[in-house]
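Student: Sequence:
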Amino acid sequence: MFRPGPLIPGAFYARDADLVARDLLGQLLVDGAVALRITEVEAYGGPEDSASHARMGQTPRNQIMWGPGGHAYLYLCYGIHWMLNVVAGPLGQSSAVLIRACEPIAGLDTLLARRRKSRVAPDLLAGPGRVAQALALNGEFNGLALFRPGQLELRRGTPPDSIVAGPRVGIGYATTEDQSALRRFATGASRWVSRPKLC
DNA sequence: CGCCGGATTTAA
DNA sequence: TAAATCCGGCGA
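Residue numbers (my numbering): -5 to 193.
Read the hints as simulated data drawn from the structure, not as lab findings.
Glycine included, every Cβ here is placed at the ideal spot set by N, Cα and C.
Keep in mind that a hint or two might mislead.
[To be verified] Distance windows between CB atoms, simulated:
| hint | residue 1 | residue 2 | range |
| --- | --- | --- | --- |
| 1 | 159 | 103 | 30 to 36 Å |
| 2 | 13 | 44 | 16 to 22 Å |
| 3 | 61 | 113 | 22 to 28 Å |
| 4 | -1 | 183 | 18 to 24 Å |
| 5 | 4 | 185 | 31 to 37 Å |
| 6 | 41 | 3 | 23 to 29 Å |
| 7 | 10 | 143 | 23 to 29 Å |
| 8 | 53 | 75 | 29 to 35 Å |
| 9 | 42 | 103 | 17 to 23 Å |
| 10 | 116 | 155 | 29 to 35 Å |
Start from the sequences, fold in the hints, and give me the full structure.
Tutor: Now the structure itself:
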């Protein structure tokens, strides 16, 4: 049976979003018997990020991004897929880290059922929509404190051996500078990452 | 108040 | 390669 590590304290998230993003690699998303190891993330926000939801200022949808770090920011994309973000940065910075891919650790039967798959394949958790579906997330999880036990939790895992960086995915509306910014991070040499591959 | 388009996935 | 499918944000 899987033994989860300790909860990650709230202070972990009160740092620059890129630092939090890199340090989230290898950590565990735990909900009941399900556990996922984070393998790929993207950092959003900070001063003047034209790719971030915070780019138009504070709105009803993105208000959670201005709150304290360590809370979940959920939003619906293309009317179909929920995206899981972890709020990061100092209070008022409005930044977050998008969870893009994970490695299955525990609760495989539940994961397969939620993803409507019969076998574990590399694409089981490769993509933000797939991660959220595997965790059965929706808008009701918006604002949830991930450093508190009970529902979805972030716990200590094993850091990656190496980290690779690249440009973020699906932000063609952003400035060319922000499109090319290396704010996408993945565990090196992992098969559990989304496309386009970073290495 | 109506329209536009998206931090995507899936199947054809 | 396109459809699925919903709502936030913006302009009228």
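Student: Going through the numbered hints above, which ones does this structure break? Give me the numbers in ascending order.
Tutor: Checked against the structure, the hints that fail are numbers 3, 8, 9, 10, while the rest are satisfied.
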